[in-house]
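Undergrad: Numbering follows our numbering, with no gaps: position 74 of the sequence shown is 74.
It cannot be assumed that every hint is accurate.
Stated by the list, open to error - In silico DSBU-like cross-links for lysine-lysine, where the CA-CA straight-line distance does not exceed 35 Å:
1. K105 <-> K64
2. K112 <-> K101
3. K10 <-> K70
4. K30 <-> K115
5. K105 <-> K10
6. K115 <-> K101
7. K36 <-> K105
8. K30 <-> K64
9. K112 <-> K10
10. K30 <-> K58
11. K30 <-> K112
Said to hold, decoys possible - Now the in silico label distances, taken between C-beta atoms and shown as ranges:
12. F32 <-> D60: 14 to 24 Å
13. E56 <-> K23: 18 to 28 Å
14. D80 <-> A47: 35 to 45 Å
15. K30 <-> K105: 32 to 42 Å
16. F24 <-> D60: 33 to 43 Å
Hints are computed from structural coordinates only; laboratory data are not their basis. All C-beta atoms in this analysis are idealised placements derived from N, C-alpha and C, irrespective of residue type, glycine included.
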Amino acid sequence: MKQENIIRTKSYQFAVRIVNLYKFLAEDRKEFVLSKQLLRSGTSIGANVREAEHAESKADFIHKLAIALKEANETEYWLDLLKETGYLNNSEYISIQVDIKEILKLLTSIIKTSKQN
Numbered sequence: 001m002k003q004e005n006i007i008r009t010k011s012y013q014f015a016v017r018i019v020n021l022y023k024f025l026a027e028d029r030k031e032f033v034l035s036k037q038l039l040r041s042g043t044s045i046g047a048n049v050r051e052a053e054h055a056e057s058k059a060d061f062i063h064k065l066a067i068a069l070k071e072a073n074e075t076e077y078w079l080d081l082l083k084e085t086g087y088l089n090n091s092e093y094i095s096i097q098v099d100i101k102e103i104l105k106l107l108t109s110i111i112k113t114s115k116q117n
């Protein structure tokens, strides 16, 4: 149960960072297309983690977390693209990259453990 709380907290905190990053990209960098994709996928991670908490079965739990993992992977893609196109500088990118990598590892670990048990 402890791992679920960690992923719940981290995915929520990450969503808050994504919302703030979206506002920054739209207001300061005048970037609206990529940042909208980032906003959608980055906030979806936590939403799917929350859905998994009330899964109807173990298979449903794993499925919801697998969707969260896919959204996290997509979020990493948009972050990479924003960095490569100059919308995020290196320090901004590295700061949030650490978080998404941790979320990817946590989700992968929880899914793997759930499948084994």
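Undergrad: Taking each numbered hint in turn, which are not upheld by the structure, reported in ascending numerical order?
TA: Numbers 4, 10, 11, 12, 13 and 14 - these are the hints that the structure violates, sorted from lowest upward.
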